[in-house]
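Chemist: One line per chain: the protein sequences are A, B, C, D, E and F, in this order. Using our numbering, you'd call the opening residue of the first sequence number 53 and step up by one each time. Using our numbering, you'd call the opening residue of the second sequence number 53 and step up by one each time. Using our numbering, you'd call the opening residue of the third sequence number 53 and step up by one each time. Using our numbering, you'd call the opening residue of the fourth sequence number 47 and step up by one each time. Using our numbering, you'd call the opening residue of the fifth sequence number 47 and step up by one each time. Using our numbering, you'd call the opening residue of the sixth sequence number 47 and step up by one each time.
I should point out that these hints are in silico values taken from the structure, not numbers from a laboratory. A virtual CB, placed ideally from N, CA and C, is assigned to each residue, including glycine. Be aware that a few hints might be false.
[Said to hold, decoys possible] Under 7 Å between C-beta atoms, here's a sample of chain B residues computed to sit facing chain E:
| no. | residue |
| --- | --- |
| 1 | Arg159 |
| 2 | Ile168 |
| 3 | Leu421 |
[Said to hold, decoys possible] If you want the footprint, here are the derived chain F segments under chain C, 3+ residues with CB under 8 Å:
| no. | region |
| --- | --- |
| 4 | 127-141 |
| 5 | 148-161 |
| 6 | 196-207 |
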Amino acid sequence: MPAFTAIDHAAAESNTGGLVWPAEGWSRVPFELFTSPEIHEREDERLFRGPHWNYLGLEVEIPQPGDYTTCHVGATPVVLVRDEGGALRAFVNRCAHRGAEVVRRLRGNARGFTCIYHNWSYDRAGRVVGVPWEKGRGGAGGYDAAFDKAQHRMRPLRVASWAGVVFGTFSSDAPPLEDYLGPAIRERLSAVFARPVTVTGYQRHTIRANWKLLYENSRDFYHAPQLHKFFGAFGIVQPDQAARAEMWHEGTHCLLTIYRNPEVRKQRAKLEEPRVAAFRTALPENIAISIVGIFPNCLLTLIGSAFSIRQFRPKAPDRFEAVYTYFTYADDPDCLREHLFQNNQFGPAGYVAMEDAEVVEKIQARIALGADKGSSLVAMDGTDTTPERIDHMVSEANLRAMWKGYARFMGFAPPDGGPDG
Amino acid sequence: MPAFTAIDHAAAESNTGGLVWPAEGWSRVPFELFTSPEIHEREDERLFRGPHWNYLGLEVEIPQPGDYTTCHVGATPVVLVRDEGGALRAFVNRCAHRGAEVVRRLRGNARGFTCIYHNWSYDRAGRVVGVPWEKGRGGAGGYDAAFDKAQHRMRPLRVASWAGVVFGTFSSDAPPLEDYLGPAIRERLSAVFARPVTVTGYQRHTIRANWKLLYENSRDFYHAPQLHKFFGAFGIVQPDQAARAEMWHEGTHCLLTIYRNPEVRKQRAKLEEPRVAAFRTALPENIAISIVGIFPNCLLTLIGSAFSIRQFRPKAPDRFEAVYTYFTYADDPDCLREHLFQNNQFGPAGYVAMEDAEVVEKIQARIALGADKGSSLVAMDGTDTTPERIDHMVSEANLRAMWKGYARFMGFAPPDGGPDG
Amino acid sequence: MPAFTAIDHAAAESNTGGLVWPAEGWSRVPFELFTSPEIHEREDERLFRGPHWNYLGLEVEIPQPGDYTTCHVGATPVVLVRDEGGALRAFVNRCAHRGAEVVRRLRGNARGFTCIYHNWSYDRAGRVVGVPWEKGRGGAGGYDAAFDKAQHRMRPLRVASWAGVVFGTFSSDAPPLEDYLGPAIRERLSAVFARPVTVTGYQRHTIRANWKLLYENSRDFYHAPQLHKFFGAFGIVQPDQAARAEMWHEGTHCLLTIYRNPEVRKQRAKLEEPRVAAFRTALPENIAISIVGIFPNCLLTLIGSAFSIRQFRPKAPDRFEAVYTYFTYADDPDCLREHLFQNNQFGPAGYVAMEDAEVVEKIQARIALGADKGSSLVAMDGTDTTPERIDHMVSEANLRAMWKGYARFMGFAPPDGGPDG
Amino acid sequence: MSGIGPGVDRDALFAIEQMNKAYARCLDDDRLEDWPDFFLEDGRYLIQSRENRDAGLYGYILYFENRAMMRDRVTSLRVANYYNLHTDRHLIANVDIVGAADGVYDARANYAVIQTDAEGRSELFSAGEYVDRIVFVEGAPKFAERLVLLDTSNIVGLLAVPL
Amino acid sequence: MSGIGPGVDRDALFAIEQMNKAYARCLDDDRLEDWPDFFLEDGRYLIQSRENRDAGLYGYILYFENRAMMRDRVTSLRVANYYNLHTDRHLIANVDIVGAADGVYDARANYAVIQTDAEGRSELFSAGEYVDRIVFVEGAPKFAERLVLLDTSNIVGLLAVPL
Amino acid sequence: MSGIGPGVDRDALFAIEQMNKAYARCLDDDRLEDWPDFFLEDGRYLIQSRENRDAGLYGYILYFENRAMMRDRVTSLRVANYYNLHTDRHLIANVDIVGAADGVYDARANYAVIQTDAEGRSELFSAGEYVDRIVFVEGAPKFAERLVLLDTSNIVGLLAVPL
Ligand code: FES
Ligand code: FES
Ligand code: FES
Ligand SMILES: [Fe+3]
Ligand SMILES: [Fe+3]
Ligand SMILES: [Fe+3]
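Here chain A stands alone, though its shape is the one from the complex (with noise of 0.2 Å):
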C-alpha cells in the first residue's frame, strides 16, 4: 500500500481495469490494448511490478567483483551487479534521498555508488553507507537521533539466474524462478549456455508500436514465410520440418523450436555470398532455430551462431526499446566469425527481421484511438487456448494462450460467454 492517495486513473475503473474481452473469446484481441495510456500503466505495475520474473542480463556481463550493468524494467531503471562475494544484486536506479540517478553509465566496474546531488554513498548492494553532514557540520543541524540510514537503501529487487540468464522482480509473490520458467525452458537455457558464451555486442531498437505486437509477433509461425521472403528469394531450404512450440506460465511464455532438416545438406543459396544464410548450427540436439520468449520482458533468438537476448522497454503505449545482447560460443572461433556473417539477418537491418519492425510499426499507425473498438483475428487452428504444446507450424493457438494468460495477469474480465469464456 503506498502511503498516500495517489491521483490514479485506474482508480477510475472497475478492478477489471474497464475492459470486459470481447464476447467471440480469445480468438479477438481488441486493438485497445495497444492504445490505451491506462492499460500502460496498469501492465507496468501489474507485469513489470507484478509477481513476474524480468530479464535483467546475463552473468557473463558482470563476471568479477562490482562488475555492473543497467536496465529498464518496465519503466523503472534497474542496476544489476555482482557483489564482494559474487552474488547478484538489483536494485532502482534511484537515489533514496531525493530520487536522483546514481548510476550514470551503461555499465562499469565500481566498489560502491555515489549520487552526484548530496553524495549519498551506495555500497554494491544500494545499502547507504555514507550520508555527509549526517551527524551535522559545526555543531548545526545534520539529522536527528531518528535517522538510522541503515533503513534506507535504493529499492532491491529479488534476483535470481538460471543457466548464467539473469531475473529480477519487484514481488514477494513470484514463485520461485525455476517453477516460473518451467521444464521446457530450463533445459533449453541448460543445453544452449552448457558452454561458454562471449558478449559480441549491443543493439538498441526503438519500435513505434506496442511492445505486445512485437511480443505476439515472435511466436507467431503463420507470418515467417509470408512475411520475410529473404529465404524464399534466394532459394534458401528452410529446416522447418519439425517445429514445436511450447508454452507455460499461463501460456504466456513460449518455446518455438525449428529443428534441422537432415535432407538439407548444404546450402545453395542463390546468394553470391552464402554465408550469410549458412546453417552451420552450432545449437545442441539437432536444432536449426529456437525463439524463446519468457513474459513480460526477455526474448531469446537462437539461430545458427548468432544469438541474441532482447530486454523489451516500453516507453508508451505506442513506442518501445528492445535492447539486443548479441552472444555467441566462446570456445569455438568459427561460431564468432560465422556470426558476424549471419547477424546480417537479424536486428533493425536484418534480412529476416526489418519486415518485423516495420509491420508492427504500420498496424500501430493504423488503430489510432483505438481504432473504433476493433480487434484482429487469432483464430487460425480452432479456438483453443490451452495447448501446453503444439507440434506443427499451421496454428495461431499459442497467441491465442498468450492473450488469455496477458488477460488474467492483467485482471481484465473474461469474455461473457463467449469461447473460452
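Using the hints, position chains B, C, D, E and F with the ligands against chain A.
Modeler: Relative to the frame of chain A, chains B, C, D, E and F with the ligands by itself:
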C-alpha cells in the same frame, strides 16, 4: 455496440460530453473545444465516424478500374478504389486478420491487394479472397469449419459521388448524399464540374492548431480584408461588391460566393507580374471566388482558374493535416497556364493564404490548458444563428450557425437560458 | 465561475485534488507531484492564476511610455506595458475577439496594439479602442446596439512593483504585494536595487524536468558543496561561514543569504584566469551570495557583480522554461566588466549551475509513471516545517516548509496522523 | 558516378559552391532584397514536392518565371504578409556539377533548413535538393533555374521566405 | 590538428570529396545498384555503433566483407524485403584526409541522414561518422573500407538501405 | 554577394575550411585539451544568442577573453563538473571568407550540432553561425575571435562542452 466495453474517457462524462455551452449563447465559443483530448476523440466518433459524409477524393483521380487513392477519415485510414465494373469502393486500410496496413502506396492501380504480414489477399472491394494455410498444411492446422473467409473484409464505407466529387460515410444513418449536400452546393458542384478537370498536383500541410479554427476561418468574411493585405498593398481591386453565404446541414456547410465586379475591366495591380493576381475567371455564372465548406472534412476553393479541394485530417487537439488536391479545367490550355501563376496565392506559401495558418497556430499557442475556460466572441451582425443565407460580408452569423450545428452533432447541451438556447 | 462546465480532470477528483500527503509527513515528497498532468493543470489554476503574485519583469526594461515586454504566467501569455502616464499595465496576450495573439514581438515600444486577424485595436492597457466594421459596411451588418466595445478588453492583471521589480496577479484575493513579499525580501530588494541597474542580456533555458525540482533546488543548502565541485576543485574559498535562510508566504518564499568571509582577503584560486571567480562583491551589507525565491515563478540570484532574475514557465509536468534577465549596476564600469567574467559561473553553461539542470533532468527521467508512488526524503535537521528562519546550512527544514505551504495552496489533504499533519 | 574524376571543371564548381554559400547567407541574414540577384532576369525559381515531381504533376508551391515575380514576392513579404517571426539556417551540402553543355551547367546540392522561432527553439523545417541550371555572366554564376525539390512535402506551419 | 596546412594532398582530398558527393546522390536517388561500385571488390562496408566500438565489441549492424555481399543486399531489398517507403537525404560534412601511407588514405567525414516518410514528414534518422580507407584505382578513389560509426546507436524503426 | 568571384583568396579559404574540419573533429572526438590550440593566446571565444546580439546586449552564455580561460574550462569539465553523457556531431557548412584586411580574415560558417545521449538517441542540439576573425601564424590559421551566434537561444538541458 462494440463487442466489449473499452476504457472510454467519454464514458466518464455525461451524455452531453460534459460540456454545457456558455450561457451567453452561440456567440461564445469555448476555447476548450480546441484543446480537449476528450472532445478530439468524441469528434472522431460522432463526426468523422458518425452520420456525416466525408470527402474521399475526385473521380478523375481514379478513372480506370483498379485505380485507387488513399486518405484518412478523421483518424481512420481509408482506401478509395474503382472496381472492375467502374463502381466506387472504399474501405478501411486495416487488415481483417491482425490489423496491418494493406495498401502501402499513396495511390496506384491494382487488381487486388495483399497484406504483407500473412499475405491475406483482397479484391478491389476489400473482401478477403485468399488466406494462406486456410485448409492447413501437411495435414496439420489451418482454419476450422467455423471459419468462412467470405465473412471477413476490410470494413467498407458507403460511397456516393456528386458531379465527380466522392464522399464516404461509416454510418447507415447518414442521409442520401444529395440531401446532405443540399440544393445550393449541389448546383455549385454541378456547374463547376460541368467541364472536364485535370489534377495538377497535391499539397500536404500540417497546421499546429485545432482543425475547427481553420474550418471556421474558411467562412469568415470578416478577416479577409483585415488579415490578407496582399490585394490592398498591390492596389488589386477585389471583386467583392456582391457576396453571399448559404448554409446547410444545420449550418455546418457553407457556400461562399463572391461575384465579379463588372466595373473592373482589367486588373491595375502594382505587381511587376500581374498574372499572379489576374482575374480572368474560368468559373461559371460570373463567379470570381467561391469557397465551399462541406462538413466535416472538406473545403473546396475556387478562384480564377486555380481550384483546390482540401481534406482535413485531425491528428490531435492541437494539430491537423490539410491535404490539397489542385485542379483546373482540362479543356482550356489558358487555364492550365494561368493557374500556375495564380496558385502562388494559395496553399502554405500563398500570398493570401499563409496568414490563415499563422493566425490559427498563434491562437492555439495562446489557449493552452483551455485558456482558463475562456471563449471567443462571435457577435457581429447580432446573435442570430439560423440564417440559411447572408447577402453581405459584414457578419459572423454564418459562424454562429456552424457552432450551433456542431454542438448539436456533438451532443453538447445548449446554452441554458442564453439566446438561441 | 466559468460560464460553462468544462471537461475538467480535476472535477473527477475530490476537493483535495485526489492527493493525500504521505503519512510520514512533510519530510516525504511524492514523486507524483512531478509527473501528474492533473497536478500540472491544477497548479496553473491555483498557483499561477491563483491568489499569488507572479514576477513579470523589471521596470528598467520598460522605462518609456509604450515600452512593453512579454512573458508567461504559468501557461498564460502576458504583456507588461508602461502606459502614457507612466503606470504599469499587464494583460493577457489574447485577443478579446477570437483569441489571436495580439502582441507579436518579444519586446518593443508601441502607441497601442492591433490584432492581425480582424484588426481590432487596443490601447496600452489592453482596452478595445477600434473595431473594423463596427457599425457595418455599405449599410449592412456590423455589431448591433447590444455590443459595447468598451465592455471588451484583453484580460488585465493586477500589477504592483517593489524596488523596480514588477509582479502581477489574476486574483483579487492576493494580498498587497508588500505583505506578500514580507519584510526580509522587501528589505533585500530595496537594498539591492538602491543603485541603478542595467540589463545586460537574456537567456532562455528549457529543462526537461518538473519546475518544482529546480525551485526546490534553489534553496537547497545541502547540494551546494556536494554537487558543485568547481569551487573546491580550484581551491576557491567559499565565503560560507555565515549563512541564513528566511522563509515567508507559508514557507514558499525563501531568502538565502551567505555573507563574506572577512578572513578571505583575496582569492587564491588555481584558475589561470581568476577573474571568473573573483568575489569583489558589489552587494550591500557584506553579502557574498543571495538567492531569493519568490513563489511561484521568480528566482533572483545575486553573486559578486553578476545578478540575474528568472521567470519559471511550466510547459508540461516534465518540462519548463526558465527565462533569465541578467543585470548589474549601471553606475559602476567595474561591475559591467566583472559580470562578463563572473557570468561564466551561471546559466545553462555555468561552472556552478550546469549540474542543477543535469540533476533535475536525471531525477525526472527516473520517476516515470510516478515511480510506483515513491517519494523523496527531506528529513535533514529533523522534521520541523515551521521555521521562519534558519541560521546554518545543514538543514532541509526550508524545503519541508516549502512543501507544506505548497500543499496548502494546492488544497492537498495534509498527512493523516503524521508529524506536522 | 557523375562528378568524379578529372572531367569536372573545378573552377566552375568552386564558383558555384561560393554562390551557394552567398545564397545561404543572403537568406539567413534576411537580406531578401538581394535574393533575386542570384537569378537571370528570366530565371525561374520553383518549389515542388518530390511527391508531385515523381507523379509527373506540376504542383508547384511557388512558381516564379522571372525575377520580377521574385521582386514581387519580397515586396509582399515586406509590406503585405504576416508570417511567423523566425530565423532560418541553411545547411547546403554535396554541391556538385552533374552535367554541362553549351555553357549551361547542371548542378545539384542537398539542403536542410533549420528554423528557429522567436523564443529560440530550433527545428528541422525543410530538407531536400536544389536542382539548378546555371550560366556564367561576366564570370559570375547565375541561376537560369533553381528548382527546390522538397523531400519535406508536408509543410509545417507556412512557407513565407524562399528556401 | 591533422588535416591542416600544406601537408594535405589537395587533389586527393578533392577527389574524395567528389566521391562522397556521388555516394550521397547514389543513395538519395535510390540508385542502389550503383552503390557497390564505390568499393573495391574485396572492400568492406560496416555499420557499427559508437557504443560497441568504444566497448571494444563487434556489434556490427551490417557486416559486409566484399562487394558480393553488397550486391546481395541490393538484390534482397529489391526482390525480397518489405521496408518503410521513404526518401533519404544525406548531409555529408567535414570530409577530410587524416592519414596517408602507401597509397592508402585514411579519411573521415561527419554525416546526418534526414529521412522523409511517404506523407512528406521529415526527421533526423541517423547521425555519425564515416571512417574510411580509400585507395585510387586508375585515378578514381574506391573504398577499401567504409565504416559507418553511428552516434545514433538507437535505430528508430528499421535500417534497410545503406547509410 | 561577398565571397564570390576571383576576389576570394582560395588558399586562405582552403586553410580555413580545413581548420573548421579539424575543429569539428577535435570536439566530436572529445579531445577538449586540443581545443584552445585553435586560438591565439589572447584569442576570444564567445557564445551569444542572436536575440541578445540583435538587441545590442552582451548576454554571453560563455565569455572567454583568452586561451587561459579556455584551458580553465577544459580543466573544470574534466575534474569538477558533472554534465550529461553525450556525443556531439558537428555539421559545419557554408564556410566562407567575407572580408579581409591587414592579414585579418573575417569568416563565417553555418553549423548544426546533433547531440546523442548515452542510449543512442540523437537530437538537434544547437544551430547557428560561426562569426570568426582569423589570422595566420606561420602559415596556419588561428582564431583571433570565434563568436558562436546561436539561433538556438533556448538551450535545452545544458551546454557543457564548447560548440
Ligand atoms: S538525491 Fe542522491 S544524495 Fe541527494
Ligand atoms: S495482418 Fe494482414 S494477413 Fe495477417
Ligand atoms: S481575433 Fe483579434 S481581431 Fe479577431
Ligand atoms: Fe518475424
Ligand atoms: Fe483567409
Ligand atoms: Fe545548485
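Chemist: Compare the structure with each hint and give your call.
Modeler: Hints, one by one, checked against the model:
At a threshold of 7 Å, the smallest CB-CB gap from Arg159 (chain B) to chain E is about 11 Å, leaving the interface hint violated. The restraint placing Ile168 (chain B) at the interface with chain E holds, with a minimum CB-CB distance near 5 Å, inside the 7 Å limit. Interface restraint check: Leu421 (chain B) against chain E, minimum CB-CB distance 27 Å, threshold 7 Å, status violated. Taking a C-beta to C-beta cut-off of 8 Å, the region 127-141 of chain F contributes 4 residues in contact with chain C, enough for the three needed, and the coverage statement holds.
A stretch counts as covered by a chain when three or more of its residues have a beta carbon under 8 Å from one of that chain; for the region 148-161 of chain F and chain C the count is 0, and the coverage is violated. Counting residues of the region 196-207 of chain F whose C-beta lies closer than 8 Å to any C-beta of chain C gives 8; at least three are required, and the coverage claim holds.
Against the hints set out earlier in the document, violations occur for numbers 1, 3 and 5.
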